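J.: Just so you know, the sequences run in chain order A and B.
Read in our numbering, the first sequence has 204 at position 204, and its numbers run on one by one without any break.
Read in our numbering, the second sequence has 1334 at position 334, and its numbers run on one by one without any break.
A portion of the hints provided could be inaccurate.
[What the hints assert, rightly or not] To spell it out: a stretch of chain A is covered by chain B in this simulated footprint if at least three of its residues, at any positions, have a beta carbon under 8 Å from a beta carbon of chain B; those stretches are:
1. 77-90
2. 111-120
3. 123-133
4. 177-184
5. 198-209
6. 279-289
By construction, these hints were calculated from the structure, which means they are not laboratory data.
Being a predicted model, the structure only gives us computed values, none of them experimental.
Ideal Cβ positions, reconstructed from N, Cα and C, are used throughout, including at glycine.
Okay, here's what each chain looks like letter by letter:
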Amino acid sequence: MDFTFLLQLIINGLVVGSIYALVATGFVIIYKATSALNLAQGEFLMVGAYICLNLLSKYHLPFWQAILITFFFSAILGMLIERLILRPLIGSHLISVIMVTLGLSSILKALIQLAYGTDTIPFPEVFPSAPVQIGPIPVSQGYLYAIGCVTILVVILTSFFKYSKTGVAMRATASSQQVALSMGISVKKMFAISWAIAAIVSSVGGVLLGTIRGGIDMSLSFMGLKVLPVVILGGLDSILGAIVGGIIIGVLENLSGGFIDPLVGGGAKEVAPYIALILILMFKPYGLFGKKKIERV
Amino acid sequence: MRCGDFKTNYAADMTIFESGTARFMLGIFLCLLFTLPLYLPGYLLDIVNRIGIAVIGAIGLNILTGFTGQISLGNAAFMAIGAFSCGYLGTKSGLPFYLCIPLAGLITAFFGMFVGIPSLRIKGLYLAMATLAAHFIVEFLVVKWESVTGGVAGLTIPPPKMGGFLIDTDRRLFFLIFIVAVIAVLFAKNLFRTKVGKAFIAIRDQAISAEVMGVNILKYKLLSFGISSFYVGVAGSLIAYQAKIISPETFPVTVAIDYLGMIIIGGLGSILGSIYGAIFITLLPELLRMGTSSLSGSFPELVNNLAAMKELVFGLLVVIFLIFEPNGMAARWHSIKNYWKLYPFSH
Chain A
1 MDFTFLLQLI INGLVVGSIY ALVATGFVII YKATSALNLA QGEFLMVGAY ICLNLLSKYH
61 LPFWQAILIT FFFSAILGML IERLILRPLI GSHLISVIMV TLGLSSILKA LIQLAYGTDT
121 IPFPEVFPSA PVQIGPIPVS QGYLYAIGCV TILVVILTSF FKYSKTGVAM RATASSQQVA
181 LSMGISVKKM FAISWAIAAI VSSVGGVLLG TIRGGIDMSL SFMGLKVLPV VILGGLDSIL
241 GAIVGGIIIG VLENLSGGFI DPLVGGGAKE VAPYIALILI LMFKPYGLFG KKKIERV
Chain B
1001 MRCGDFKTNY AADMTIFESG TARFMLGIFL CLLFTLPLYL PGYLLDIVNR IGIAVIGAIG
1061 LNILTGFTGQ ISLGNAAFMA IGAFSCGYLG TKSGLPFYLC IPLAGLITAF FGMFVGIPSL
1121 RIKGLYLAMA TLAAHFIVEF LVVKWESVTG GVAGLTIPPP KMGGFLIDTD RRLFFLIFIV
1181 AVIAVLFAKN LFRTKVGKAF IAIRDQAISA EVMGVNILKY KLLSFGISSF YVGVAGSLIA
1241 YQAKIISPET FPVTVAIDYL GMIIIGGLGS ILGSIYGAIF ITLLPELLRM GTSSLSGSFP
1301 ELVNNLAAMK ELVFGLLVVI FLIFEPNGMA ARWHSIKNYW KLYPFSH
């Protein structure tokens, strides 16, 4: 077997996987705090990428300003959605919550399409793209920056949940809403914050994807569906699981793209994560790090 | 004077028609429906045909999701299986269409039950994900299994033939589709007056209590998947006959979302609701097209964005219905009807 080819695939997998990990983290944060399954996560990513694109190419802001403003708008979007759409549905049937996020994803996709059309829009170069040599293979610098950004963000998130007062309050809410309420934590505020954080981390994923691919279009929203195998593998309520799962699924996807696609003539890359999803559900439905509390009826 | 909706025995509670008038009105409606092809132009008839197919599919999904409480995002895949098995049986083995359609339904039912097996171990959102994964796997198989499905190019379906009579125009297809649709509605309506239907509802409302009451969960969940997929498969095979060419792109995941939207907007757990929802969602793009073409003088860019507009309105409707009327149009209609029935003494 060609070793450099394998290594190249694994590195690509790591990069894509780290972005999956980010989006999955957002997904898990929402699920843990509000037990809502957010199928519009991919649209958050897409909206974030488009906001940043607009700031960079229309207003010519420096990247750090653009990304901060993107965070701000993403947070507002997340909180608005929680307040207007999800809060009235607290306590309603699961299918309502799933369906409302699907409706939301339709709305966001349609708005983006109305505003920007369906064509791919070039994304300004943020990171230098000249490849650097790692061992035998050349790796785009953008990839390294992407992995770096994801690592930094994960560290920030972890310390936020571990040390900050809000983070601890969010963990308390996730473990028991009633107890959290009795300790004086505003559960509503925690819900809003978790949606805001989820929107922010997803927008980072969108911006990174935009810089790596060099352009963005509507297909970014499919990331939201790719995240489902990731969270199932990692365990629906584990942030660590989301990160590990994201990287595993990213690598798996690229490996099956490299080795199985030539045999079957394409398409294996797209379907492999879902086959993995079914297998995980059959043999380890709570994932690698999830809480083992699946109800059997 | 009536001042409430009182039933004194079980038979009255179970009756389909509350009064002779309702029966009479339905008769008139059916007469009007089956004379539609006489005076509707071809284009409108095509829309009516699509509504008929959507009604069958939406009832199928509602049996599983609305009545049994099992979420399925794999509806488009089931539909594809129905369509392609119908196409394969019709072209390769030359069976007549009146055997192809039920056989396609049975094949889909079998597949649906297979997908339903995990529903015994997993539920709720895990099931939603499993069915979504099933959708992508089926899509992959449909593209790859070229000897049966024709691959990316798809299958060309010859028009159904009965003796020497070709069912090839919209007008002739109308009768095929709506005869099947009426049977489908009648069967579903009666299903929920039987033990099987009651068991489905019991599983939805409280699975553990249902088990304690002696409902065999394994059997009835699989049965629900089977019946539901049978309906969806039949709808898929009718789509094959109507579209004449089917390819993997005919059944994207958005079709599954559209069908879920139909039963949400129409009413979960209501046969009438499935019909309303199917009519409404099928008409939505057509209504938007009419609206935008009349506005295109002042907003010329609207016409190009029809797909996005449709998606926007669809999403907004789903969200609004879920927040303000979670039981859908059927419940709203029911409460309006009751208000006027008891007028002016309703409370």
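J.: None of the hints should be skipped; say for each whether it holds.
T.: Structure-based check of all given hints:
| no. | hint | verdict |
| --- | --- | --- |
| 1 | 77-90 | holds (count 3) |
| 2 | 111-120 | holds (count 3) |
| 3 | 123-133 | violated (count 0) |
| 4 | 177-184 | violated (count 0) |
| 5 | 198-209 | violated (count 0) |
| 6 | 279-289 | holds (count 3) |
Violated hints, listed in ascending order, are 3, 4 and 5; each of the other numbered hints is respected by the structure.
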